[in-house]
Amino acid sequence: MILTITTTHTPATDLGFLLHKHPDRAQSFDLSVGTAHVFYPEATEERCTAALLLEVDALELARGSGRTTTSDFTLGQYVNDRPYAASSLLASAMKRVFSTAVAGTLKSNQALADSALPLEIRIPALPCRGSSDFARQLFAPLGWEVVATAVPLDPEFPEWGDSRYLDLTLTGTVRLADALSQLYVLLPVLDDAKHYWVGDDEIDKLVRHGEGWLEAHPLRDAIARRYLAHQKGLVNQALDRLVEAGGDDPEALPPEATPAEDLPQPRARLAWTRRDAIVAELKALGVRSVADVGCGDGALLRPLLADASFTRIVGTDVSATALARGARRLHVDGMSERQAQRLTLFQSSATYRDERLEGLDAVVLMEVIEHLDLDRLPALESAIFGHARPEFVIVSTPNREYNALYQGMADGALRHPDHRWEFTRDEFTDWATSVWQNYGYRVSISGIGDADPTLGSPTQMAVFSRVDPVQDAAAEDAGAQDATEDVA
Amino acid sequence: MTRRIEIPELAMVMLIGISGSGKSTFAARHFLGTEVISSDAARGLVSDDENDQTATADAFDVVHYLAGKRLARGKIAVIDATNIQPEARKSLVAVAREHDVLPVAIIFDVPEKVCLERTLERDDRDFGAQVIKRQAATMRRHLKGLAREGIRTTHTLSADDIDDAEVVRTKLYNDLRHETGPFDVIGDVHGCRAELETLLGTLGYHITRDEDGRAVDAAHPEGRRAVLVGDLVDRGPDTPGVLRLATGMVGAGHAFVVSGNHEAKLVRALSRKNVTVSHGLQDSLDQLAQQPDEFVAEVREWMDGLISHYVLDGGSLVVSHAGLIEKYHGRASGRVRAFCLYGDTTGETDEYGLPVRYPWANEYRGKAMVLYGHTPVPTAEWVNNTMCLDTGCVFGGSLTALRYPEREVVSIPAERVYYEPARPLAPPVEEREPGLLDIDDVLGTSGVETALAGRVSVRPENAAPALEVMSRFAISPSWLIYLPPTMAPVEASAVEGVLEHPTEAFSAFRRHKVGRVVCEEKHMGSRAVVVIARNLEAARRRFAERGERTGVVYTRTGREFFAGKLGVELVRRITATAESAGLFDELGTDWLALDAELLPWSAKAQGLLRAQYAQVGAAARASMPVALAALDVASARGVDVDALRGRVAGRDANAQLFVDAYRRYCWPVDGLEGVQLAVFQVLAAEGATFEEREHAWHMDIADRLVAANGDLFRTTRRTYAALDSDEECAAASAWWEELTAAGGEGMVVKPALNLDTSRPQPTQPGLKVRGREYLRIIYGPDYLDADHLKTLKNRSVGRKRSLAAREYALGIEGLRRTAAGEPLWRVHECAFSVLALESEPMDPRL
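Taken in sequence, the protein lines are chains A and B. If you count the first sequence from 1, position 282 lands on 327 in my numbering, and the numbers rise without skipping. If you count the second sequence from 1, position 484 lands on 487 in my numbering, and the numbers rise without skipping.
Honestly, the hints are just simulated from the structure, not real lab data. Do not rely on the hints blindly, as some may be mistaken.
[Said to hold, decoys possible] Chain A is faced by these chain B residues, among others (derived, beta-carbon under 10 Å):
no. : residue
1   : 48
2   : 49
3   : 50
4   : 51
5   : 328
6   : 330
7   : 464
8   : 480
9   : 563
10  : 565
11  : 636
12  : 715
[As the list claims (entries may be wrong)] The following residues of chain B were derived to be distant from chain A, with all beta-carbon distances above 10 Å:
no. : residue
13  : 94
14  : 241
15  : 285
16  : 474
17  : 495
18  : 550
19  : 588
20  : 598
21  : 628
22  : 633
23  : 658
24  : 744
25  : 780
26  : 800
27  : 824
[Stated by the list, open to error] Covered stretches of chain A (in silico footprint by chain B; criterion: 3 or more residues with CB under 8 Å from a CB of chain B, positions within the stretch not fixed):
no. : stretch
28  : 159-171
29  : 187-201
30  : 224-232
31  : 334-347
Heads up, the beta-carbon is just placed ideally off N, CA and C, and yes, glycines get one too.
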């Protein structure tokens with residue numbers, strides 16, 4: 046991995062003083078991650094270029110000593126771009142090797158260190174997660190002219206498109222110390238990854254190196270968020286491993302928590318409307334005990350907990366990670382004993398029968414069924430309607446017809462990458478009717494959200510009410526009362 | 004004289020006697036220390052003081068809890084406490100009832116004076132005569148009520164008896180575990196004597212007749228015994244004839260009979276008890292009225308003595324009239340008997356006025372096979388290792404037997420309709436839910452018992468992510484009969500300049516005394532499991548298909564490879580090829596499971612390729628030329644960077660080799676065009692698995708698929724080597740060199756005989772030996788650098804091997820269970836466990 050810094054300041058060779066490295070010598074520095082080399086491809090009065098080349102220690106990588114923030118057991122830990130791309134490894138190396146320049150001090154000529162110089166910085170392989178315009182958005186507000194060219198993924202397979210790397214050239218008149226600090230902070234931000242554990246001291250570093258330019262940066266929040274990346278939970282790692290082991294497409298795993306709320310305004314409101322509608326429905330039905338199956342991180346549990354008429358609240362999800370997150374968000378650990386007694390959270394799956402769900406007044410399946418392949422729906426029906434058999438089941442699901450009203454949604458697109466399908470109103474009615482017939486429930490269907498006269502409501506909701514079989518006197522055949530014991 | 008005290012093997016034994024009557028001494032002499040639960044000891048456990056009376060309530064909670072745990076596990080519990088108050092005994096009886104075991108009392112009838120002397124001798128007892136006196140009075144006052152309290156078995160020991168007493172443990176009447184069969188279990192007869200005789204004849208029994216030609220016994224020349232599930236009587240034409248034959252067979256030791264609800268009711272009717280005469284009871288009473296009184300008295304007594312269920316064959320078989328949940332197997336209580344006779348009644352009645360029965364078999368997860376009758380069904384079918392054998396003979400259906408342990412159904416049709424059923428025979432549709440699993444099937448267990456590797460355990464933290472993957476991404480469990488095991492690589496090679504080499508595979512198998520190995524080309528694609536049904540009917544029957552699917556091709560994590568029409572078309576092509584290669588007929592099956600590799604890699608691993616491998620190449624391609632150019636310019640102006648340049652150039656070259664390596668496994672596909680399957684094992688078919696067939700047999704079938712459709716199927720090149728021949732091993736190594744030099748991924752070395760159960764420990768089913776260049780995409784472009792390689796050679800393959808062996812055992816177990824027609828949850832727990840094990844932390848490069 047390499048970056049070059051060029052100046053046309055006169056004399057250009059002042060760059061050597063500023064960097065504290067002699068232009069005519071190649072120097073090496075042993076660092077924990079490998080060896081950094083500084084040399085000057087050109088060094089004339091008119092133009093001087095310093096190159097920083099980091100030879101990543103291959104052994105270090107081979108050991109896989111958990112130096113990446115995703116310290117899991119996926120292959121990415123071993124086969125990765127670190128030897129070639131400008132990541133946080135290069136940023137750290139730069140800070141170490143050019144420490145005086147980063148600090149902006151030059152005893153012999155502080156005025157030089159304090160002045161803005163004409164600089165050109167080239168990073169031929171800069172990892173950039175997100176849109177390729179992100180680099181421009183980061184550097185342009187800092188006074189740089191940005192030229193970023195996307196590197197193709199593999200010229201032999203042009204259909205694969207571009208890689209995540211940019212060949213980046215920054216040109217501008219900037220104080221060298223500022224330029225280096227900006228690179229130090231923004232390289233890992235662009236990569237959205239660090240090679241080391243992100244702890245509390247990272248906050249100090251961010252503040253120190255961002256001084257003077259970060260505070261007013263239009264993307265300040267995004268920069269801080271990425272710079273302070275957090276480590277994922279253990280279950281996530283296991284999932285990552287499974288996905289990789291299966292040769293499955295990691296992109297097919299939906300991004301965590303990209304709920305409808307992330308999307309345009311009407312749908313954000315819709316999520317709240319939906320929760321309110323379901324809670325209102327539960328109250329109208331006189332429900333006291335309720336399970337939210339597929340509770341995710343507890344969006345519906347929160348309003349349920351806030352309402353004392355619900356005496357027993359159960360939240361289940363198939364994802365142990367989501368449940369753990371839910372427990373944190375609901376502050377389960379800090380709940381009073383009385384409050385905590387009302388709530389039970391456990392991992393379960395809607396396609397498996399679970400007797401812990403039996404005996405409740407109601408089960409809610411809020412935006413759950415569309416996450417199951419259609420041929421798995423009968424298993425859910427049997428588990429919920431056949432076995433848990435609460436008095437009421439409330440099911441909400443998107444109305445596909447309504448999608449036409451969402452701007453920017455492609456034809457036939459679904460509202461979430463993990464939705465396997467979305468029902469039209471007729472399809473939903475057909476499904477609800479078959480459940481009603483098979484399992485002995487009455488059903489009424491309504492809409493949630495602002496309804497369109499022709500396309501209906503954005504969300505559709507079915508409320509199922511159990512029809513109890515006639516309780517008859519036990520037949521005489523069942524008269525087991527006088528049965529006697531087998532022995533004696 | 005020795006006093007014999009008979010105690011059932013499984014019982015709640017309470018010792019009743021005042022302080023100093025010798026209970027503890029007696030208990031210590033006749034029971035194991037662990038069998039005795041003492042209230043004094045419990046008082047000590049909770050309060051540090053065995054005599055602290057304030058701790059009594061807590062101490063008895065402990066006593067009840069411990070007793071309950073023992074009884075639940077089928078262990079006797081002996082309660083060493085005074086047990087003189089009715090309330091104390093009542094709570095113990097409740098614990099016994101909860102676990103469906105008999106409460107038994109041993110009463111210590113010892114004079115107060117003796118007790119007082121003994122008590123005074125003890126240093127740790129500080130109570131005196133008053134206490135002893137009061138205890139004695141309490142005990143005497145309530146002893147008569149023991150039977151009313153539910154304690155029907157009591158033994159009273161006088162002071163003289165105590166020292167000479169002998170405790171004998173007796174089996175429960177339902178305990179026939181020592182009877183190991185083989186058996187022929189026969190469904191509800193209901194007075195159909197002719198059909199019973201025909202069925203016994205079909206089963207190979209010889210019938211003995213009396214001088215009037217009436218059947219009085221039947222015996223099997225090979226010593227098989229019949230087991231009748233009850234309801235011999237009522238409705239049919241010849242209840243006395245059936246009883247005559249059955250009593251004869253039981254008397255001669257040729258049959259066992261459990262009681263049905265109709266026997267129980269007939270006994271009550273014959274005893275002149277007040278019963279409503281219906282359901283064909285009148286027929287029996289009329290027929291018996293024709294018989295001599297002594298015959299009637301005899302059969303009445305015989306029926307009255309029938310046991311409600313039997314546990315046979317070491318606990319592997321349970322026979323009861325109306326089925327039995329596992330918790331009740333081998334237990335004795337009123338509710339157990341009620342379940343045996345009447346089933347799991349809900350108290351409701353259906354539209355025909357018959358009791359609604361809870362479909363307990365759907366939830367049955369027990370180890371023992373349960374055979375029963377009671378509810379007529381059109382045909383006998385397995386539901387979770389249980390089978391209802393009542394096929395409605397008296398209603399014009401058939402009389403059915405199951406041969407045990409063969410699991411073979413034998414059925415003969417009724418000669419006519421003798422009795423009109425109150426409701427149609429067809430069982431309610433919703434009772435059959437073969438596709439539904441219980442969350443406890445996967446989260447509630449801690450492992451799976453396998454034939455090959457014993458118990459394979461699964462940790463909860465691994466089961467949790469597996470549940471998510473299984474629920475969200477996997478195909479329906481009824482199709483997901485198998486997840487392929489991981490495969491371990493050879494140990495790092497001693498050969499210079501390579502990480503893996505065939506030599507280590509050969510020596511590993513040589514150490515395990517394998518004579519000959521097959522070396523199979525390893526295809527660089529994605530592991531694929533193919534499960535196909537010959538037609539939709541087979542799919543519905545075997546895989547509980549509710550839609551139109553007739554097969555599926557899925558990944559190592561149970562995900563379908565191609566969704567929608569492409570998937571359907573792929574299955575159609577595979578099935579058509581299997582059909583034209585004659586596989587279904589040859590294997591006598593209407594479904595097949597195959598283990599294969601699906602190519603190209605890029606067809607399904609696009610995400611991985613583009614997110615990982617190609618990115619590395621792109622980064623190298625972008626940065627290395629810039630670095631080299633800068634170094635060249637610097638060098639030209641006299642800066643000494645030559646050594647660095649050399650290293651950078653080396654890395655650049657390695658990166659290019661890395662890109663070359665992955666590119667070999669990518670080619671464009673359009674729909675299914677370009678997609679290929681390399682089959683390497685036939686996994687299972689109806690009634691059979693094939694892991695014990697030589698690999699040559701599997702390869703031959705694979706070749707026939709290729710011959711039938713060379714576009715879709717791809718051959719697996721292979722060679723064989725005898726491990727005692729250096730020449731053959733060298734030739735196989737050379738073959739590997741050639742294969743991998745041309746870009747091949749490598750090869751898998753397996754014992755030519757495949758699974759060889761004659762060996763005590765199964766060796767690894769195969770070891771992979773990957774090629775030099777292929778390993779670049781696993782270990783990184785520079786892995787062959789001397790230092791790097793030296794470090795890598797320290798790798799340890801032990802855990803990977805252990806994982807591979809466990810997953811292999813689970814895979815075979817699941818297939819065998821599938822082939823044997825075992826219930827879905829038994830198959831699913833195997834596949835689920837493989838998925839769970841795959842989330843164990845493991846170096847992915849192995």
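Comparing the hints with the structure gives:
1. Contact between residue 48 of chain B and chain A, as hinted, is not supported at the beta carbon level, the nearest pair being about 27 Å apart and thus beyond 10 Å.
2. Because the closest C-beta pair between residue 49 of chain B and chain A is about 24 Å apart, greater than 10 Å, the hint is violated.
3. Interface hint status for residue 50 of chain B: violated, as the beta-carbon distance to the closest one in chain A is roughly 27 Å, over 10 Å.
4. Annotation: residue 51 of chain B was flagged as interfacial toward chain A, and the flag is violated, the nearest CB pair being 29 Å apart, outside 10 Å.
5. Violation of the interface hint for residue 328 of chain B is found here, the shortest Cβ-Cβ separation to chain A being roughly 14 Å, above the 10 Å cut-off.
6. Hint status for residue 330 of chain B relative to chain A: violated, with the closest Cβ pair at about 14 Å, above 10 Å.
7. Residue-level restraint check for residue 464 of chain B holds (minimum Cβ-Cβ distance to chain A is 7 Å; threshold 10 Å).
8. The criterion of a C-beta within 10 Å of any C-beta in chain A is met by residue 480 of chain B, whose closest approach is roughly 8 Å, and the hint holds.
9. Given the 10 Å rule on beta carbons, the hint for residue 563 of chain B holds: about 9 Å separates it from the nearest Cβ of chain A.
10. For residue 565 of chain B, the interface hint is violated, the least distance from its beta-carbon to any beta-carbon of chain A being 13 Å, above 10 Å.
11. Interface hint at residue 636 of chain B: satisfied, since its Cβ lies 4 Å from the closest Cβ of chain A, which is below the 10 Å cut-off.
12. With a least beta-carbon distance of about 20 Å to chain A, the hint placing residue 715 of chain B at the interface is violated under the 10 Å criterion.
13. At roughly 20 Å, the least C-beta separation between residue 94 of chain B and chain A is larger than 10 Å, which holds for a residue marked as non-interface.
14. Look at residue 241 of chain B: its CB is around 23 Å from the nearest CB on chain A, clear of 10 Å, so calling it non-interface holds up.
15. Once the 10 Å rule is applied to beta carbons, residue 285 of chain B is consistent with being away from chain A; the minimum gap is 14 Å.
16. Consistency note on residue 474 of chain B: stated as away from chain A, yet its beta-carbon is not over 10 Å from all of that chain's, at 4 Å minimum.
17. The Cβ of residue 495 of chain B sits about 13 Å from the closest Cβ of chain A, beyond the 10 Å cut-off, so the non-interface label holds.
18. Separation of residue 550 of chain B from chain A is inadequate, the least Cβ-Cβ distance of about 6 Å not exceeding the 10 Å criterion.
19. Annotated as non-interface, residue 588 of chain B keeps its C-beta farther than 10 Å from every C-beta of chain A; the closest such distance is 30 Å.
20. Under the 10 Å C-beta cut-off, the non-interface status given to residue 598 of chain B relative to chain A holds; the minimum distance is some 15 Å.
21. Not every CB of chain A is more than 10 Å from the CB of residue 628 of chain B (nearest about 8 Å), against its label as outside the interface.
22. Not every CB of chain A is more than 10 Å from the CB of residue 633 of chain B (nearest about 4 Å), against its label as outside the interface.
23. Under the 10 Å C-beta cut-off, the non-interface status given to residue 658 of chain B relative to chain A is violated; the minimum distance is some 7 Å.
24. No Cβ of chain A approaches the Cβ of residue 744 of chain B within 10 Å, the least distance being about 21 Å, so the stated non-interface status holds.
25. Annotated as non-interface, residue 780 of chain B brings its C-beta within 10 Å of a C-beta of chain A; the closest such distance is 7 Å.
26. Listed as outside the interface, residue 800 of chain B is consistent with that label: its C-beta sits roughly 15 Å from the nearest C-beta of chain A, beyond the 10 Å cut-off.
27. No beta-carbon of chain A is positioned within 10 Å of the beta-carbon of residue 824 of chain B; the least distance is around 21 Å.
28. Beta-carbon proximity to chain B at under 8 Å applies to 3 residues in the stretch 159-171 of chain A; the threshold of 3 is reached and the given coverage holds.
29. Counting residues of the stretch 187-201 of chain A whose C-beta lies closer than 8 Å to any C-beta of chain B gives 5; at least three are required, and the coverage claim holds.
30. Counting residues of the stretch 224-232 of chain A whose C-beta lies closer than 8 Å to any C-beta of chain B gives 0; at least three are required, and the coverage claim is violated.
31. Counting residues of the stretch 334-347 of chain A whose beta carbon lies closer than 8 Å to any beta carbon of chain B gives 0, which falls below the threshold of three, so the coverage claim is violated.
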